Every structure is written in structure tokens, then in C-alpha cells.
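Turn these sequences into a full structure, and let the hints steer you where they fit.
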Amino acid sequence: MHKIVRAWQLAALCLAALVCASGSYDITNARLSVQSFDGAPRLSEKYASKASVQPALLAAEPDDVIKFAFTIADGQGEAVKEDLVPHQAWVVLSDTTAQDAAHSAVWPVRVRGSSASATWSLRMDKLHASVKQKLVDAGPNHPFQLSLLLGSFAPDAASALDAAVIPFLQLEFSAALLARFPAEKPSQRSIAEAKDGFVPWPEHFHTFATEPWQTMPPKAVSLAAALAVFFGPWALLACLWGKLAKRLQSPSVADTTLLASIYALEALALFHWVGTPFYIVCPAALGLAGAALVGGRQALTRPLVS
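Just so we're aligned: the sequence shown equals residues -23 to -1, 1 to 283 in mature numbering (1 follows the signal peptide of the UniProt record, and there is no 0).
Quick caveat, the hints were computed from the structure, so don't treat them as lab data.
The model shown is predicted, which means the values in this text are computed figures rather than measured ones.
Some hints could be false.
Lysine-lysine pairs mimicking DSS-like chemistry, simulated, CA-CA at most 25 Å apart [claimed, not checked]:
id, residue 1, residue 2
1, K58, K23
2, K44, K103
3, K44, K23
4, K172, K109
5, K103, K58
Here it is as C-alpha cells:
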């Protein structure tokens, strides 16, 4: 009886393992290629799923370009729907001999939600200085591995998919390649200062925008322009006053409308300058401008009374 119970327990564990395996992220239509700058191929692989991925060992060259394109799938091999696209997708470069979980480099991968597909590429000559330093510290022909990490926050437990770690390429960096990387070791003094806390802060350089008053014209020019704009219309009115005085002795409706509209527009400009909002002044100004246009057309086309 005890053996039968143990057998049922083992069967249940196997079934649970199959369910968990079917509920994890997978990839399909994956294509891995490594080529030089001039397009010469060095490695080309295609994978139908993560189970078929066998990381190949590649000796990196200075002009290598690594490209990895794939479509994210569920445990059944079908492309995931938009609501199940992983929230986090990363490609990591890790030291295969290190015992800790730290990675030498991490690159985010942008997944297109409509098709659940993504493309990642890396140029050896574009590695960050910190990554180059880690490679130099590890030494020549040290084994590294590129892996794809997929994870997400599921909306509910029923639609949850387990995270996936998919190694797809092993890399080694020769001494000739590492010699191209500039490696600067910190001095003993800088190490001691950092340990004791005496680390100089980098200098900050601020660039200030040009202030408006620095580009304004001289005060004499501004004053002359202001006086011309303010007194110019009144000077013109004074010159024409002799002719207008005859008409103003018996003003018509058009004359009255034109003068009243002009005075009202002047008052609106004053109110706006004092503080009346523009959205209040603008409709009133448009209405007064229309009245001045109609009244002024009739007033200015009527001949003067001799």
C-alpha cells in the first residue's frame, strides 16, 4: 500500500512538472546570426523553441555583429497574446565560472506587443567601457555566455507564465581582442581614498540661457519707438482735425459709430494692460472692430460738407 501511495505521489509530481513546463515562456522562429562589418557570415542558427537551442562556442572578433531575433511563445509554441507579452526582456552577458548571480552586462530588449517579436543586436566595437574592463580583468579565452531572460507580472494566477532563462551563445575573447580594449587600472591612492571616503566630486559646469534683457535694444531706442507708437496717431489726428471739425459739427450715425468703436477699443486695450484676461477682451474687440469697419466704411466714403 505504501509503495502504491509513493507511486501516485511521483506521478503527481511529474504531472505538476509538465504543467509548469507548459506554463513558462518559450521562443519560436528564433534566428541567431554573427557576421562581420562587411556582411561576411560567421555563424547562423535557427531555433524552433528553447528546447532546441544549443549554445555554440564562438571566439569573438573585433568586427563581429551579433543579432538575435525571436518571437515569444507560450508553453504550447504559440505566439503570446498582447496581454501576456513579458514586461521584462533582457539579454545578459554572464561569467560561466562565477558563483554569484552578478552579470557582466545587461541589455534591455524591446518587445513589439502586436506581434510578440523582438530583435537584439550587439557590436563588439560598441561595448561599454565598464564591460570592456570586466572582460580584460577576466583574462583571455575566459568563457562567457549570452542568455535571454523573460519575465512578467501576470494579471491573474490563471494566465501566469513562468520566467524563462534561455542561453543562446557562448563567447570567448582572445588576447588580441582584449588588447584593443583600453584598460585603466585605478591607482593605489584612488583606491585608498575611495575606501576612506575622501573622493573628490567631479566639477559641474552650468550653461545659462541668455536673459531677455541682454538682447533688448538700448533704452533710447525703446523710448523713441514707444513715443512714436503712442503719439503718432494723435499727431495724425491733429493734422487732420481741420477737415474733421466740419464733419463733427453735424455727425452722422456712421461717424458716431466709428468714433465710439475707436474709443471703446482704446478702453479695451487699457483694460487688458491693467489685467483683464485676453479671452474676455478678444470677443469684445472683435465685435467693436466689426462695428468700426462698417461705420468707418460709410463715414470715410461720404464726402465732406463744404
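Hint check results:
1. K58 <-> K23: 23 Å, holds
2. K44 <-> K103: 14 Å, holds
3. K44 <-> K23: The hint holds at about 12 Å.
4. K172 <-> K109: The given pair, whose Cα atoms are some 24 Å apart, holds under the 25 Å limit.
5. K103 <-> K58: Roughly 34 Å separates the two Cα atoms, so the pair is violated.
Hint 5 from the earlier list is the only one contradicted by this structure; the remaining hints agree with it.
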